[in-house]
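2 protein chains.
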Amino acid sequence: MGILKQIKEKFHSRETISSVKRELSSNLKDSLKDLKEELENNDCGCESDDVVVDSGDVGSDRVSLKSIYSFHEGAKEMKDLLGGKGANLAEMKRLGLPVPEGFTITTDACNFFLETGNYPKGFHDELAEHLAEVESKMGKKFGDIENPLLFSVRSGAKISMPGMMDTVLNLGLNDAVVQGLINQTGNARCAYDSYRRFIQMFSDIVLGVDHAKFEHALEGMREVRGVTSDIELTVEDFKELISQYKAIVFEATREQFPTEPIKQLSKAIEAVFNSWTNERAITYRKLNDIPDDIGTAVNVQSMVFGNKGETSGTGVAFTRNPSTGEKKFYGEFLTNAQGEDVVAGIRTPQKIEKLQEIMPNVYSQLIEIKDKLEQHYTDMQDIEFTIEEGELYVLQTRTGKRTAHAALRVAVDMVEEGLITKEEAILRQDPNMLNTLLHPSIDKSHSYEAIAKGLPASPGAACGIVVFESDDAVNKVENEDTKVILVRRETSPEDIQGMHAAEGILTSTGGMTSHAAVVCRGMGKPCVAGCSKIRVMESDKKFVIGDIIVKEGDIITLDGSTGEVILGELKMKKTELSGHFRTIMDWAKDMKTMSVRTNADTGPDCKIARDFDAEGVGLCRTEHMFFEEDRIMKVREMILSKTDTQREAALKELLPMQKADFKDIFKAMDGLPVTVRLLDPPLHEFLPSTEEKLTEVASNMTIPKNELRSMINQLHEVNPMLGHRGCRLGITFPAIYQMQVLAILGAAIECHEEGIEVHPEIEVPLVGCHSELKAVKAGIEAVTKDLRPMIKFDYKVGTMIEVPRACLTADEIALEADFLSFGTNDLTQTTFGISRDDAGKFLNHYLDKKIFPADPAATIDQKGVGRLMQMTVELGRKANPNIEIGICGEHGGEPKSVEFCQKIGLDYVSCSPYRVPVAILAAAQSAIKSRNLS
Amino acid sequence: MGILKQIKEKFHSRETISSVKRELSSNLKDSLKDLKEELENNDCGCESDDVVVDSGDVGSDRVSLKSIYSFHEGAKEMKDLLGGKGANLAEMKRLGLPVPEGFTITTDACNFFLETGNYPKGFHDELAEHLAEVESKMGKKFGDIENPLLFSVRSGAKISMPGMMDTVLNLGLNDAVVQGLINQTGNARCAYDSYRRFIQMFSDIVLGVDHAKFEHALEGMREVRGVTSDIELTVEDFKELISQYKAIVFEATREQFPTEPIKQLSKAIEAVFNSWTNERAITYRKLNDIPDDIGTAVNVQSMVFGNKGETSGTGVAFTRNPSTGEKKFYGEFLTNAQGEDVVAGIRTPQKIEKLQEIMPNVYSQLIEIKDKLEQHYTDMQDIEFTIEEGELYVLQTRTGKRTAHAALRVAVDMVEEGLITKEEAILRQDPNMLNTLLHPSIDKSHSYEAIAKGLPASPGAACGIVVFESDDAVNKVENEDTKVILVRRETSPEDIQGMHAAEGILTSTGGMTSHAAVVCRGMGKPCVAGCSKIRVMESDKKFVIGDIIVKEGDIITLDGSTGEVILGELKMKKTELSGHFRTIMDWAKDMKTMSVRTNADTGPDCKIARDFDAEGVGLCRTEHMFFEEDRIMKVREMILSKTDTQREAALKELLPMQKADFKDIFKAMDGLPVTVRLLDPPLHEFLPSTEEKLTEVASNMTIPKNELRSMINQLHEVNPMLGHRGCRLGITFPAIYQMQVLAILGAAIECHEEGIEVHPEIEVPLVGCHSELKAVKAGIEAVTKDLRPMIKFDYKVGTMIEVPRACLTADEIALEADFLSFGTNDLTQTTFGISRDDAGKFLNHYLDKKIFPADPAATIDQKGVGRLMQMTVELGRKANPNIEIGICGEHGGEPKSVEFCQKIGLDYVSCSPYRVPVAILAAAQSAIKSRNLS
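One line per chain: the protein sequences are A and B, in this order. Residues 8 to 941 in this note's numbering are what the first sequence spells out, letter by letter. Residues 8 to 941 in this note's numbering are what the second sequence spells out, letter by letter.
You can take every hint at face value.
One copy or two, either will do: identical chains are not told apart, so a pair holds if it fits within one copy or between any two.
Straight-line distance between alpha carbons at most 25 Å, and here's what the computed SDA-like set of lysine to any residue pairs gives:
{"id": "1", "residue 1": "K408", "residue 2": "S454"}
{"id": "2", "residue 1": "K246", "residue 2": "D211"}
{"id": "3", "residue 1": "K540", "residue 2": "R654"}
{"id": "4", "residue 1": "K848", "residue 2": "N832"}
{"id": "5", "residue 1": "K848", "residue 2": "V725"}
{"id": "6", "residue 1": "K649", "residue 2": "I552"}
{"id": "7", "residue 1": "K848", "residue 2": "S648"}
{"id": "8", "residue 1": "K540", "residue 2": "K649"}
{"id": "9", "residue 1": "K712", "residue 2": "T697"}
{"id": "10", "residue 1": "K848", "residue 2": "E692"}
{"id": "11", "residue 1": "K614", "residue 2": "L679"}
{"id": "12", "residue 1": "K848", "residue 2": "A656"}
{"id": "13", "residue 1": "K848", "residue 2": "E501"}
{"id": "14", "residue 1": "K856", "residue 2": "T123"}
{"id": "15", "residue 1": "K548", "residue 2": "E476"}
{"id": "16", "residue 1": "K361", "residue 2": "K379"}
{"id": "17", "residue 1": "K700", "residue 2": "V725"}
{"id": "18", "residue 1": "K548", "residue 2": "V725"}
{"id": "19", "residue 1": "K700", "residue 2": "S648"}
{"id": "20", "residue 1": "K781", "residue 2": "N295"}
In case anyone wonders, no lab produced these hints; they're calculated from the structure. This structure is a prediction, so every number in the text was calculated from the model and none was measured.
With the hints as constraints, model all of the structure from the sequences given.
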């Protein structure tokens, strides 16, 4: 933290430093950037939160330097200090574009104000200086009753935030100044219109008076005058309205509407500051992962008037089509209007092309400007402009939001145009948005209302009739040829058949990594999980949300990307992978340095993943094979065996089935590594859980039901997640792992003989102590002795890292292992001491109250779990430099987590097939970023 | 590892180093000691196992130097190399005591042999040299038919091990040599008796021939001769017996008994080596925590004969009474006998005092020797001696085993005698043995047979009639005034009443930290847990072990110190704390540097602990109070409240009850700190779990049973240990913690006003993230605002450290906490990912197969959990240097764990009341050791 200290030392006495203020302020930005990098590099485990907290501290030092920047002083790189809007206004000034004069109050001033309740020292002097500067540049005076200067006041954080106060226009008007405006413009109607707009906006936004009251008065006036549009109202009407507005304000606030312009300005600035902490803003930040302490800047800009008649107007335009990405100017405008009219939707705006007809000069100037801006920013821009009596002004430019499709197309086009590099094209994609391209989605052009919202557990949309039992799902699909949605309190491995049959899954409990969520993501099937508002009554075959009762057979639609549950059938759209997508993915593959594998349990799943360019299987869960109908009975026989002989007989029958599974997988993954995890879950998961199933199994196995029940009770566990599973099973019942190893290597031998290139990796789950791995390896050695002459390929034996003790003793474990693979689902659960199945009862509360900055099941908890991972990599690589280290937990397809994996030096990430493109893109971005850093 | 490397480099070529061998061998011992210390200091987290593994490696280097040491070469410090017996024989030689000549084959030679199957290079030359040396000293020759030298061959590991081969006497005899022995001694009877003993012992121990066969032949001979004792048998009888013995050997081994003396010796040496790995030895090592790779030495000593008539004899003596500790010579001897006769119990030995009458000179020589040995070793000695025709020989000396009582008395006496320091007196106590002084125990003077053995989960013995339900336990005790043993599959918090009523608890599942075990240790009540051989059929009110059925009303006895279950009532003895115990504890208190607190939940428990010198409460579990009969219903109302108002009303009724509890505790702990943990367990633990209870609660609460059941089902958790508990409850239902904090501080205020000195410490459980602690603290702040003027004492707020994430982020947490307290029960479970309630299914297997070196629930896993603890202390102290750090998990009273806590610098340990003296002693020992190191 050298720089921070330096700064603090230099400025520990504010009084004596005014002389060096100016000199340093311009360098400060760079210093802070360095500081941030220093902080980030210092502690790989820390989240961006911390960095911001620290730079927040720096902020309160910074405010002593300079609180206000003229548009002539800033630049686009100064977003942290000036906000996005302010930085871009300054940048446009630098480019010589027609930007109305003004200045920006810094985010530091905002933070200082929010912390202390006061303005920074010297703020008011600075404000006066800057007002004077604008007045002199504009040749007008703020609050002057002859030639008045009016201002717009806008908030502008580093990141655009719809939840905050937006804009107050026409600030500086009162009963006297409005006369000056008439003098100045000769347009009384415009002046009074502006005045009543100002009162309305200011009162609504700054004073908190319900804006419906003003709308109501305006409507009343239209009614009284018998007109339908405001344009038809007269100057007298507006005067009358202004009186009414003032009365409304007094009634609501018990104070007169402030008439003094400087007081208006100061109240507006405070209102912008305070809007940072209003509820909507806080919610928006939470939803969008924006830190709470970056603060907002305030832009004070001299007004230009789009409401001065038919040669005036206002509009919004994109340099390219934000929906398709097509390279075509795209926008809308309204004549004789101020900014909010375009948004308000009272009048229908015209297409931007129309401007060419109405004001060809303005249009061509606008074209010139948009080209200049796009070239300068090298990205698609979203521009706001106003025309005042034929004179064009640009009020804002920012990077234009776009659809996932458009993002791909714009980036590819810009690379082809030579505007940006391929790396930049990659960095501009939001990996999470790719997801929407890979799954069907609800056609949002029709409106609908959700009856409940759960966790968006597996993306994509699905629609079908509701069923409550796995068997019903299978029956309906097979016999009635209908699509079904399986609704359950929670799913268990027994529901696999039903989940396969269903279009989507809805559960009332369980989080983002509950059984339903994990399996659905693996299957690429939509899932809404943990929808706690619904009460599922499986036995009554219905679920209830408040007064709504949904019965078996009713149709619902799920949106697994948003968590919404909708009654009835909605129209879907399926997006195909376009050529631009292909191009971007090809570039990404070239640029990434980590491999991307897939978590897949069957040949077909492997095929899907391989089509998405997966470079191997990072996790094949053998237990999923155990649930298939033709073998679950054998599995149960194996578990319930009373003697080793019985157990071995059952295993012998399972062996060829497993071998066939592995052959499918090896074939699909010809030439690529395949990591197969030996049996992991506790045995009772395979046993029947309902009375009905119990009867069936008892009769199939010809054992008395009571005996079966008692055997199952014996297998019951208090905390199954921490129980007799993983290698603990493999060590106490070695025959199971022996069968699996024979199946894996047997399949590999046969595939190899058929000319398939096999790279099997045998993975031992839940190792916490090197001696466990040693014990299992000894068992593997013993059982493969006879096969050895036939094994003409290399195979690896390694372990999952999924309990903290494995991380802490990774040096010992690494000596026994060819590879380590982080099972971050279980590692997160054990590190936190939180069961994913039970977290529902408090996790939402924790996220709401920001007790957890993010759901650790969704993105790697870098401070806790991440520290263990880093420790593992360091200890493991030190002990065994050739060891291969990857991740196969759910986080392996989550972009932030992928970036963390790159940072700590993993060899690969692995995720569900439909996540593979997301992971590839994230891996490419991480690689580019780490190259840029070094 | 500097020294190891040095040694290796110096000796990388064995051929060229013979010249420096001798010079270095004497220094080597010291080097190895340094090496060990170096290794131990290098890695605080490593267990003694590792050190041994490493020094094992050193061993195979060492064997090239010198495999055999004459008794004139060794010393008592060389136990690692010469074993305990060999080192002490050499030491006695150095002291000038009458020790028959001989030599010791090193443990390294043994290890080399066991690893490679060969003797170390040059071994046979060395052996020949040493044989020649003894022959020359004794003036006899091994295998000589005129004047033969005979040997005894004995094993002797560093630690005495009953499981190993013990002794072969009279080695070197055959049909020819026996004549030489007659020549030499003129005692044919003694010679033939020695010969037949030799064949019998050698065949049994070395050749593995069932010794019953020889006994049978001997009995046959007695019968034929019509005599009752061997002494009555003649020379001819022995000759005849010898022929029979040889025949027995040939029949059993299909080989002739080896006649060549050198072959006998070599076979005997190999037999000693191999006995290291026999099953009994392995089991013994496992039970006594002795490393497998330290090997055994072999002592070859020239024979002296106690069977040469009435002026010969053999005996065993202790320098003080090993049972009481009294300073009085204590022992037994037999005339005309060899060593094994004393042990065999065929003839009744005489008291040592008798020797004074029979052979006064020998006796006074023996007294002189025992005084010399005790002074020299400064500890009570266990001496073996033989008298050959009036000549006294000492064959062995070792530290005498003693009872816990004797250990205390001997130590205190020796301090008073100026023989040892107080520190040594403390170091000599086995903290675990103190346990037996604190609980009643089975009177072992009567023999008995256990019907089953479970885990020794809570020490002490208890006896009573068997009951299977908590209510039955209460009823029987209250109404029938009888003592009961509660037997259950496993206990739950609902059984608390019954556990209180019962004398002891027996469970069939659950480990050393299962509910039953933890609660019983807290109550100081005997418990045998996880007794997996018994099948508990609670509904039939019986349990079954094989063919034995134990029904309600049958009487059983439990030994919670050994895990034994015995049918019927056994006699008990209760040991009082003697004055010596008090003295030792006073010394220990002075010497320890860590505080010792107690885990206690009630005033009476606190009183017990304080009588044992506890220095505060380290953990008061408020939930235990919730189960008391008068409040459990209120607790249930609180949990099942449908509205906040209902919940608050129930809490309001609980408040005065909790306050009263805390007042009792503060009064009992006047002047000492009291850490109170806020509610920790998941709420469903408080709800009824049986149909019967459910009915009762439903009727009490006047809610329909079905509704109650559904509410309870809602609270069900898949993994309750990782669920909605601890601060997660406190954060989501803040009213509960608010009530508790009001009760704690309210009680403290009232106590303070009554003149009690209070030091409350409020402990927040299950914190994994600093923001959780912050949130709870904010709640505490809010609720205590009104109390503040009345709080005229300091109180602390801190947290348990019981999930890995808390350790990894201890720097952040420490900034929010006044103290941290390791909850190592949960921390061990989460670090390993093992539930203590479910571990029973594999843990025994793991311990048997040495996959885990020890049960991590019993002693801190220093490599894994310990590393996290160390990290916590480092991060925590760095962030907050004044933070208080302790441990309140079950490990807080386990000596090895206490030592580890000292090592990493904890401020206190805390354990159940009856463990407090153990912890004080262990803490004193740790403090002394760490002082000695520095």
